[in-house]
Structures are given as structure tokens and as C-alpha cells.
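K.L.:
Here are the chains, one letter per residue:
Number of protein chains: 6
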Amino acid sequence: PLSFAERLRARERMIGYWTQLPVPAVQERIARHGYDYVCFDAQHGFHDYHAVLNGMIGIEAGAALAGSACGGMVRVAENSIAVIGQALDAGARGVIVPLINTAEEAKAAVAACRYPSGGGMRSYGPMRAGLRSGPETAVMNVEVACIVMIETRQGLANVEEIVATPGIDGLYIGPMDLMLALGGSTINDPSKAEDFEGALARILAAAKNAGVAAGIHTMAGDIAAKRLNQGFTFASVSSDLNHLDKAAAEHLKTARLALVS
Amino acid sequence: PLSFAERLRARERMIGYWTQLPVPAVQERIARHGYDYVCFDAQHGFHDYHAVLNGMIGIEAGAALAGSACGGMVRVAENSIAVIGQALDAGARGVIVPLINTAEEAKAAVAACRYPSGGGMRSYGPMRAGLRSGPETAVMNVEVACIVMIETRQGLANVEEIVATPGIDGLYIGPMDLMLALGGSTINDPSKAEDFEGALARILAAAKNAGVAAGIHTMAGDIAAKRLNQGFTFASVSSDLNHLDKAAAEHLKTARLALVS
Amino acid sequence: PLSFAERLRARERMIGYWTQLPVPAVQERIARHGYDYVCFDAQHGFHDYHAVLNGMIGIEAGAALAGSACGGMVRVAENSIAVIGQALDAGARGVIVPLINTAEEAKAAVAACRYPSGGGMRSYGPMRAGLRSGPETAVMNVEVACIVMIETRQGLANVEEIVATPGIDGLYIGPMDLMLALGGSTINDPSKAEDFEGALARILAAAKNAGVAAGIHTMAGDIAAKRLNQGFTFASVSSDLNHLDKAAAEHLKTARLALVS
Amino acid sequence: PLSFAERLRARERMIGYWTQLPVPAVQERIARHGYDYVCFDAQHGFHDYHAVLNGMIGIEAGAALAGSACGGMVRVAENSIAVIGQALDAGARGVIVPLINTAEEAKAAVAACRYPSGGGMRSYGPMRAGLRSGPETAVMNVEVACIVMIETRQGLANVEEIVATPGIDGLYIGPMDLMLALGGSTINDPSKAEDFEGALARILAAAKNAGVAAGIHTMAGDIAAKRLNQGFTFASVSSDLNHLDKAAAEHLKTARLALVS
Amino acid sequence: PLSFAERLRARERMIGYWTQLPVPAVQERIARHGYDYVCFDAQHGFHDYHAVLNGMIGIEAGAALAGSACGGMVRVAENSIAVIGQALDAGARGVIVPLINTAEEAKAAVAACRYPSGGGMRSYGPMRAGLRSGPETAVMNVEVACIVMIETRQGLANVEEIVATPGIDGLYIGPMDLMLALGGSTINDPSKAEDFEGALARILAAAKNAGVAAGIHTMAGDIAAKRLNQGFTFASVSSDLNHLDKAAAEHLKTARLALVS
Amino acid sequence: PLSFAERLRARERMIGYWTQLPVPAVQERIARHGYDYVCFDAQHGFHDYHAVLNGMIGIEAGAALAGSACGGMVRVAENSIAVIGQALDAGARGVIVPLINTAEEAKAAVAACRYPSGGGMRSYGPMRAGLRSGPETAVMNVEVACIVMIETRQGLANVEEIVATPGIDGLYIGPMDLMLALGGSTINDPSKAEDFEGALARILAAAKNAGVAAGIHTMAGDIAAKRLNQGFTFASVSSDLNHLDKAAAEHLKTARLALVS
Ligand SMILES: [Mg+2]
Ligand SMILES: [Mg+2]
Ligand SMILES: [Mg+2]
Ligand SMILES: [Mg+2]
Ligand SMILES: [Mg+2]
Ligand SMILES: [Mg+2]
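Chains as they are written, first to last, in the working numbering: chain D, 4 to 264; chain C, 4 to 264; chain L, 4 to 264; chain F, 4 to 264; chain E, 4 to 264; chain G, 4 to 264.
These are calculated hints, taken from the structure and not from any lab test. Among these hints, one or two may not hold up.
When chains are identical, the list treats them as one kind, so a pair holds in a single copy or across two.
To be verified - With a cut-off of at most 25 Å between alpha-carbon atoms, the simulated DSS-like pairs for lysine-lysine come out as follows:
no.: 1; residue 1: Lys229; residue 2: Lys110
no.: 2; residue 1: Lys110; residue 2: Lys249
no.: 3; residue 1: Lys110; residue 2: Lys256
no.: 4; residue 1: Lys211; residue 2: Lys229
no.: 5; residue 1: Lys249; residue 2: Lys211
no.: 6; residue 1: Lys256; residue 2: Lys229
no.: 7; residue 1: Lys110; residue 2: Lys211
no.: 8; residue 1: Lys229; residue 2: Lys249
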């Protein structure tokens, strides 16, 4: 079967889940549901390096339980060769690099993901990843997806150039940051709704023309489906922290409403 | 205003939440919703001592944010003077002690909760709790609730004796263990439903007659309300881990169903 | 295929590894080599509860990679219903309970491993284990092995009674403690060698007569094989900490010897 | 009441404490004494990301106990958009950015602290901070203080330019590094005392002229007061680690001296 | 030179420090000041097992720096063979066992500290301690001090019997618990001062008559000296947490008082 | 005696060990064997900041036990003033900076290692290191070794310029990355063996001519010796993780082969 990165490149439709809780047993649970990928939010979530390292093991265990493949990904905190290298050594099948503004920055992200055999600058030492990928750097270059986020005004302006960077495997939209970049005050700011959808369409088209994957962040399964139906090739549902918070609020509300005084 | 333990003893109706994730920022979030209490599951949840210690701080922070009081509790792993002492030193306003079978065991639980001034054997050193309770042991004796679980066949048989133990502030039903004790194969085993509700009624009556609180574990807010309406004085909704797991499963299902092929 | 506990009960020959390092990525590596079981040493190793919980996930991930089953076990720190319960909830397929002296103690160990449906006192809440075992307590009772250690003078004297305790799935010899119990000053004390082998023979015979598994701790693979050839049904090789320590010493020695001055 | 950042900008006099110990219960204790702010030293202290995240919760809990506001701050390890973003997402009311040499660097620090609505590049995801600030980025821009350290020769030379950077809320002096930059061999090098006080006067004047806060690091409360009396608007007392170390040394000395032989 | 346990048994006068912070670099700092021992408070402090294990390494490093011996001790959470065994395996040179009420309990504490060669039940596996003690159990039996706390009414009543238990190396007074046991409301309750000093004299005499060490907990160096001058052979100063808390409070007070308005 | 950095600069022959496991008790064990240095792999190993901080204490404790000096080093994740500063504050006697391509990058690495008194930009705050080095920055500048890695095509091309950078104390070869840079597919790619040895000779000569240390990474003690015999002045044996993994594999193989069916 195809690896996660190969499926992504083939623009297969994929649904993922976003995790912000530093608890490997949580990642194991999520992965066992059969998501195509689970992504650690190492930018805004509560993860440190050990949370990613151990949680990635949770994803493997959960995926094995489900009898499915599940690509562990990391939305890294920054576009840095060290940080991206650690995510990949920990076993990430892909990284989502935030705040990409230019083709130059995209090129740096790609270089961080590939060994010299693939034209990059990744340093060798896949202490966890190597268990599954084996030692061949050519194989590892192919099995790792490099995805860049379009979520700034500058990034949107340069999206066609960015996506043309050799080695980019996908674009990923951070709707909140993008909305803020467009001048919106909230994710659903009606005054910017049109601009926002226009920006999405432009990014979607750029990805399609370049033949790379197009992904987007969403807050719920139905929205993820809506975006996939609209042409996006992968969509994330977000997140364990948000969902438990919402559940805790709702159960209290339900209980209080149902109390007979 | 009354403290948590005083409200419990006054048989005020209270709704709580059960937490199994070792993430203080999760406990802070939950507490801010306004639950009357949040209880760490240190028996079956993923907590160790530091998770309880730091998460208890999260509860204080969340409660302050909500402008409400929220009683941090611990369902301890065992009926031990050391383990109960550590939960209380960490700031627990109450402990829920599992698997109580006899009045003797209940007596030991009470002794672990009170200093000699209250007839107990608690050792002095409230390194975190003392910040709020002050140094007077008589005050601390009063501010701490001792709740025992009725969830075994033997405990059920002895419930009237157990509840008569001086210093017991409440009974708490673990429905799953109780159902298993009654011979049920699952929590909803129809063949045991009548026995189960009978056992609940007996425990409820025992608590009421003794003038102590009667609590029960539930999986959702509407069930908690149902139990409170039925006469229970406190009910827990369970849990962050279960709720996020369910949410992750449902969002995937929703997304897949909504995909247009 | 048979589960780990079923294989153990069937007295299949099994080789395990002993782990003392609190690093889930280490357990993943070890499990992928294809050991029949990997056992956390929670008595003398460097593990705390999170090390066992997260490391157990490492074992699942490593076993999946190897395409083999690998039973995660825990040598618990003490014969306690709380401690054994936490190991099992974390996903242990078996526990090895140290320092068993009497049939009464063996009975308590068994009770800690089984739900009431199996005659025991285990409390329900398999927050991690349930992902694989499902919710049926009858199934979980069968899938969990209860192994007791014979390593004291009293335990040796009572071994036939101990092994006759219903629910005991295996005996396990701690050679060092046993040797000390016999008056030896080290594991290889020649003055006690005969007594030691005699004790082993007695324990081995007791297990065989009772139809339960007979296991032993060893320091190396060749000794494990020797013991299995001798009639033991499972043997552990010990341990990651010892092996890395030895390797570090040897590489330095080798390097110094090979230096040309 | 004014927020911490507003008080800082209003050049109110504030006294803070510096924390280097990764123990949330320590931060809770300190904050309850009523300090105007408590600052995590994430450059030279023993903190990692989880220490800051959980310790920030400790500050909220301690402040609530004191019935006071207490601004949690972070002296970040470097001037990086990712690192500053994580401190702010964790709930920091301000960051102190070390080793600022130029106005350009100051501008980058400001950009890291503000969302696009405030002209900056901060990425959205205030997973903890949002509980108190709400979702409006305009509000968050105002509630966060951006303070830069003047502690290098180059920074001193450029201090007037640096302080003129729009969005800078305060200057902060690191006396030790500044003294070393001036050629001193220790913090109290008498040969550089005059130069040092001259540098302080220059920085103080620059802050005053620009209408921003002027802060300084000190080792004790009386020195903090002296600096505030001299015109500084905020001063930190440093630190839990230093104070406990000193106390441990002094108690031993006292005890030995008082021993009657 | 004599080991820590040998010095203790020889009733040499020793001054120790009490540590409650789970930070190995703190223990290293404290030990380097030259204390005769540093004791982890695993009953009321913020330590878990890893804090003790890693902090014990800090003590060795600090002692080496000081060029002194410094005995790492653990005041364990309970009188349990498992818990005492883990403290000793982690390298403790002595344990202080709380809440000892009877000679029977004292006997159990001793058994937990000695291998069978010393008449005890300690299990072999000194994974850290063995680096320094070597493998001989007879040596380890001698190098480990077993100290029991007299701090309950019952313990005081039985102190002569308790101290007569073979293998007890010292008595240790917990003044707060003892004062509470005597009916005091605080450590300095004047109405119980005489009773308290009487109890101390009785315990001191019992230790002296039995030829074992007599220790006491104090809050400051001068009190420790006073107690040693009075005949106690060892005294602890308590603690890093208390001292930093006090320092933080005092520096704020000093600063505020010195502010010129 | 000479410090580690002085011995390195004097081109004394030294043998080190590479550690990738975040377990301080492992570093203590390794250091006690008498290695000249132990190096934390913070680029590809499983270390985070606390692992380095606490593990460095382990090295001190182990070295004291061995009665030897043992230089704790850190192969940092990136060439950053913040990251290098934290390693040195934690007590590193040297840093190995990866992926150095140019003299400019080497100059930045040196600046990160020295205080202004040594022409660098290190910020003052040696919270752990200062315990041993004392407060004099001139001393600390001398006691810290700055080693840069030559492991890229560009770094090799610039090696003579890099080594000429004032303040560089040594070159270190990462054979795997270097081999990949040369186009090799594995570390032993026969088609590149000649190129590889040629590159080594060039680097070795460059170091010798510059009078600085020349080091190399190896997988075993005999290879380390071979490289030292060849002229390298220091060589690392790698690593605890690899060695335990290999041992676990071999013991299983040995056991299976020795089984009599
Ligand atoms: Mg974003
Ligand atoms: Mg239960
Ligand atoms: Mg044993
Ligand atoms: Mg500074
Ligand atoms: Mg006490
Ligand atoms: Mg390399």
C-alpha cells in the first residue's frame, strides 16, 4: 500500500485529527479510530519534544490496533532545520510548517525535510523513525511529506511561487491566521467572508495547478467534509483539547437544565 | 460562603466532573465552567502524584476565573493513610475512597482524613493545602470531606454500618463495579437492571437516614441530572478522556458520511 | 492465535526481556526484536507509573512493527490491589508479583488480577487495556496472567501450597533473592550452588505438577536457553540497563587496549 | 482595574520576583505574597516549556488567593517569533527579551508580540491565554507587554533608537551582562562602578523620554526599592533559587557557630 | 572514614537539611554547602520517585564538589517494604520512617532495610545504590540507617520498646505531629510547652539508654544547634520550600517599606 | 590537573561516550567507567533540556565515583546562542556544534561560547555551571571547549577557513552525514570509501596544522582506537541506545539458537 506521503502526493482525500494534549495514551486512542493522519500541534498545543516523541509511538500503537495506516504529523513551531529534524527523527511522516511567506522560506522547509541525496540538508540520526523507514536516505526522502502553511497576507500573495518550490508536497490553510491577515476580527467575520473564500479558492487552485495536496484546518467533521467536497484533498478536525472543553461545558449545561428544583 | 465540604455535608445538590488526563491546563479549563467539584481519578485515570499536585493548582486557577468555588477532589487509588494524606496535602477538599467493604475500612478512611484533634491519624505537612486552609488542624478537619465508595457486594451488604461510621461525609456509587458485583456483564445488563436500581435505592436510603451526602458516577450530564432528581445529592460526569475519545470518533464518522464521492 | 496469557498457561516456551529504563522508545525497540514478552521492572528498575503506561504503548508499537505478539508484563513493586490494578489498566498482559511467601498472599495476588466475574476484586476502569481487550470482564480475566515469585525461604517452603492456589498461572524465580535466602553471598556462591539448583528443581517440579508455567530470571540469552532446556517454560533476559552498562565498560576497555602509544 | 501591561505602560511602580525553579507550587506560593509580577527566567533558569505553562497556572492560583493581580511574565531564551509566541499562548502578560542590540531586533520582538491587527506577526492559538483574554486579537495586543533588555555594549549604544521602536513597552536592564559588557569582572567591580551607573542613567533617561517603563534586575528587596526610588518604574528581586541557596548556607553556618562542643 | 550510617550509630553530632523541591539541581546546591545529610521529604514534600532518584544523584554531585560526605536520606511516605526498598535502591543512606506506633511497626521498618543476611526482607536490586556499596549484602546492611519517627501519642507511650527493637539506628522527632498528638493547637502552643519538652526528654533518654541516635526536626539553624546542645545527636533544618517562601515574602516587605513615595 | 577543555586544546588523546537516553542514572553509570568525556546528543538523541540538566549532574556524580574527571559535553541541536548558552549554563564543559558550513558560522559558535571578556556574546547566568567554575567569566571562557562539526560538502570545502576561526578548539567529524554529503548511500558505501578517507585526512590535517583537536564519531571502541592511532585526538563511541538495542537483539538470537527442541 502507499505510504502516507505517497497518498498525500497522489492527492487522495484524507481526514485527519489535530492533537494538543501531551498524553501518548490520548494519541493512541485517536489513531485507533481510523483517521488518515493525526497531527501534533507543536506550535500552539501543549506539546514539548517528549510529548511528540512518545505520542508518535501512541499513533503507531493505535494504528496497529485499527489495522489501518495513520500518518503521524507535526505542525512544527517554526521553520527551522533543527526543529523539523527532531520531528522527523521522532517518526513524523510529514511536517506542517507555519507562517510561510515566501518561496525562499518554502525552500528552506523542503531542505530541512530531505537528506543530501534528495537535495536537502537534513542531518542523519533517525533514532525512532529509522525503525520503520530503514537506513536508506532515498527512502526516507520519499516517505516524508513537506507541507507549508499559507496563512499570512504575504504568503497568500506569493502562493503560486511558494507552491512551485520543488519538494513541496502540499499547502495547508490556517483559517484563523488567514482571516486575521485579511483583516477579520474573528474566524467568522461576515465582513471578510467573501475575501476569505476568495483566498481559499486561490490557494486551492494554486495547489491543484501545481499538482500538490491542498489541506485546511477545520473545527468539526462536517466542515472537514464540506472542504473536501469543495476540492481540498485533506482536512484536519481540531482538536482533542477543544472537544473535551466543549463537552465539559455542555454536560454541565445539560445537567443544570434537567434538574428539577 | 460555605466550603465545599460544608456544602456536601449540608446535602446541597452538586454536579462534578471527572478528570483522567494528567494536564493541569485541562483541569483549569474544566473548573472554569463552574462545576461544583472536579475529581481526579487517581485509581483508573492517567494521573500520578505530580499530575494531581499540579492539576489541583489548575482547579484553583480555573475556579478563580469562573468566580466560583470548585472543590478539587481525588478518587484515591487505595485506602491508605499515606496516599490519602498526599492527596489532602496537595489541596484536595475531599477524597473518594474506593472499594470500601466494611465499617472498619470506613473508619480507617476517616482516620486518614483527620488530624488527632479530630480523632484521626493524619500527619501534619499541608505544603500546598495550608496556603488556603491556614495552619489550624481543627479547620482542616472540617474543610475536608471523606467519601467512601459502595461498589462491592460486601460493601452493599454493610452499607448501613459503613454509613454509620463517625466522620463519613458521603457515600459514592461506582456503578460499573457495583453492576459487576451484582453479576452484571455490562453497566446496562438488562437482566440485572432491577437488582442494580434496588441497590441504588438501598444506598440512597442509607445515606439519607444517616444524614450524609449520596453521590454517584455517571457518563453524561442528563444522567447526572436524572440521578440528582432521584434523590442523590451529588453526581459526577465522566470524563475528559471518554468525552474526547467519543468526540474524535464522531467527527470522523460525520466527516466520512458527509463526503461526496 | 493464542494470547500471551493463554500461551503461558499452555506452558509454551517463551523468551522475554527485562526493562528498567523509563524510555518508551526503548521498549518499542526491544519489542520489535520479537521477544515473546517484555517485562517492566517496577520493583527495582527506574520506572514510575507514567513510564509503565507510556512504555506499554511502546511495546504495542514495537510488536506491531515486528508483526509479532509481544506480551507486556509488569513486575510490580508489591502485592497490592491498587498497584496490580494500575499495571493491568495500563495494558499489562501479566503481572509478576514479588516476594510471595504463602498461599494466602498468592490468593491476594490472584484476586487483584480478576474481576468479580472471575472471583476476584479487581476494580473496573481499564482505560488503556480496554482498547484491546474490549469491555467484557470475563475476557479480561482470561487474558491476564498472574505470576508469583518464589524467592524467599518461606516461599520456597510453601511452594506446593502456593502453586495450588486457584488462578495462579505461573511461578517465577528471582535467583538473586533466592540465593540470598539460601544463605548465599552472591548469585554464584559455590557453597550454595547445590542448594540453589535443588531449590530450582523443587519449584520446577511444583509448577509442572500443578500444570502452570515455570519461569526464571537470567542475565543472558545463553543462560535463558539453558534454563528452558532444563524444563522452565519461560525465561527473562536482564536487562537494558545492565546491558548498556556492560557495553559502555567494554568499549572503553577495548579502545584503551587497542591504543598504540 | 488596569491590566498588568497597562500599569506597566502607565509607568506605575511595580515590584516583581524572578523564578528559576520548575515547580508550579513554588510559583503559586510566590504570587500569593502580592508581587506585582512574577517572571519566569526561561533563559538562565531551570524552566522548560511545561514548567512555564504549568507555573503560569500557579501564578493565577496564587494571585487569586492573594486577591491581587499578579502579572506572569517570561524572560524568554531568545528573540524568536516561535518562542515568544509560546510564552504568550501559555498566558504570559509580558515578555522580557534578552540581548537586544538594535532597533531592528526590537522591532522583531514587538512583531512577535502582536497579531496582524496590531501590526505584528503573532500566530493565533492562545490555548491557555485565551481563557482570560477572550478571542479578540485587539484586546490581546493591548494586554501583552513587550519589554526588551539593554545589556550589551551595542544595545547601550543604540538605546535611544531601540526605545523609539513603536510597540516597545519597557526597557529592562540586566546588570550582570551590562557590567560585563562595560568590561567589569563582577557585578560590583569598583573600577566600573561609575560607568555602570552612567549607563543606567542613560537607559533610564531614554525610557523616560520615550514614555515607556524602565526596569532593572536586582538581587534583593532593598536594592529593588533603591532603584525604584531612583526613577526606575519596575524592579525584579532575584531569585527563588538564589534565596534558597543562601538560606541553606546560612542556616548551616548559624548552626555550626551555635554548637557548644 | 566512617560512612553516614556508622557516624549516626556512633552518635556523632550531625546537621542536616530537609528538601521538598523536586529539582536535582537544588539538591546538588544544598549538598555542596557541607551538610552532614540531606533528607528528601517524600511524605509531605513535592517529591515523586523520579525526584528522589535524580535528586539523590544531585546529592552525590554536590558532596563531591564540597569534598565532603553527605548522606542522602529519605523520609518515606509510609512504612512499607516496597517504598523503603525503592528509596534504598535509589541510593538512600538512611530512611526516616514516619508515624511509628509500636515495636512491631519498628521491626517491620528494620526488616525492610536489611537483606536476609541481616535478618530482614529487603529484595535485591540496588540499581543505583550498588554503584557505591558494591554487591555484598552484608555491606549494604551496615551502610543503611534505619530511623523511626516518634510523633504520635502511641509511639511516645511505646518509645522504650520501640527503641529496643534490634536494628533501629535512631529515633527522630516530628515536633509538629508530636505537639498535635499532645493536644497542642500549634507547634508553639504555650499550654503544651511543658508536656512537649517532657516528651522530648523522654525520647532523648530512651535513645541514649539504647545507645542509638536521637534526632529532631527544626525550622532553623539556631534551633538545630540548641537541640544538639541539649543532647540530640542529629537535627534537620527545614526546608528549601519554607526558606524560599519566607525569603520571597521578606524581600517584598523590605522593598515596599523602603519605597519613597 | 588540566581541565577537560585544556586537555582537549593540548591535543591529548581522549575517548568519550555518546549518550542518547534521557536517564540521569544512565549518565552516572557511564561516567563512572572512566571515559574522558560523555556527550549528550541533543540533536538526534532523546534528550530535552531537563534531560541534559539532570544528566549533567549524573556525569559529575559518576566521575566523582570513578575518582576521575569526565567532561560532560553536549552536541547541541543547532548553532544558536540560546541553545548553546543553555547547555553551558547546565554545566557542559564543551559543545559540539553540528553542520558548520562556513567560517562565519564557526565564528557564531565561538561567540555563543564566550562572554564579552573573551570577545563573545554569551549571557551571564551559569546557574549550574557556576557551582564549579566560580563567577569569573575569564575562567569560564577558558574552561569551555567549542568544537564544530565538519559533516557537509560545504563544510569540508571550507574546513581550512573554519578551523582558522579564532576560538575554535576542535573539529569533529560526523561520519554518516559526511558520507551522505559525499554521495554515499550508507556509512560503509564501498564506492565512496576512498573519498571518505580522503576527506578525513584533509580534516585531520587541517586540525593539526591549526593546532586544534581533531575528533570523530565511531560506533565501537575498536574503531575509536583505530581513529586515535591514525592521528585523531579524540573519538566518541556511540551510543547507549545503539548498544542496548544490539544487546537485546543478540541475547534473543543466542537464546533461540541454543534452545533444544
Ligand atoms: Mg496559524
Ligand atoms: Mg470502581
Ligand atoms: Mg527479587
Ligand atoms: Mg542577561
Ligand atoms: Mg510528621
Ligand atoms: Mg550529523
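K.L.:
Each hint should be assessed against the structure and marked as holding or not.
P.N.:
Evaluation of the provided hints:
Proximity of Lys229 and Lys110 under a CA criterion of 25 Å is satisfied in neither setting, with 31 Å inside one chain copy and 40 Å between copies. Within a single copy, Lys110 and Lys249 get their C-alpha atoms no closer than 39 Å, and across copies no closer than 38 Å, so neither meets the 25 Å cut-off. For a Cα distance limit of 25 Å, the shortest separation of Lys110 from Lys256 qualifies neither inside one copy, at 49 Å, nor across copies, at 37 Å. For the identical chains of this complex, Lys211 and Lys229 are intra-copy neighbours only, at 17 Å inside a copy versus 53 Å across copies, given an alpha-carbon limit of 25 Å.
Within a single copy, Lys249 and Lys211 get their C-alpha atoms no closer than 35 Å, and across copies no closer than 34 Å, so neither meets the 25 Å cut-off. Only between protomers do Lys256 and Lys229 lie at most 25 Å apart by alpha-carbon distance; the minimum there is 14 Å, versus 29 Å within a single protomer. When the C-alpha separation of Lys110 and Lys211 is checked against a cutoff of 25 Å, the pair qualifies only within one copy, where the shortest distance is 19 Å, while the shortest distance between copies is 37 Å. For the identical chains of this complex, Lys229 and Lys249 are neighbours both inside a copy (22 Å) and across copies (21 Å), given an alpha-carbon limit of 25 Å.
Hints 1, 2, 3 and 5 from the earlier list are contradicted by this structure; the remaining hints agree with it.
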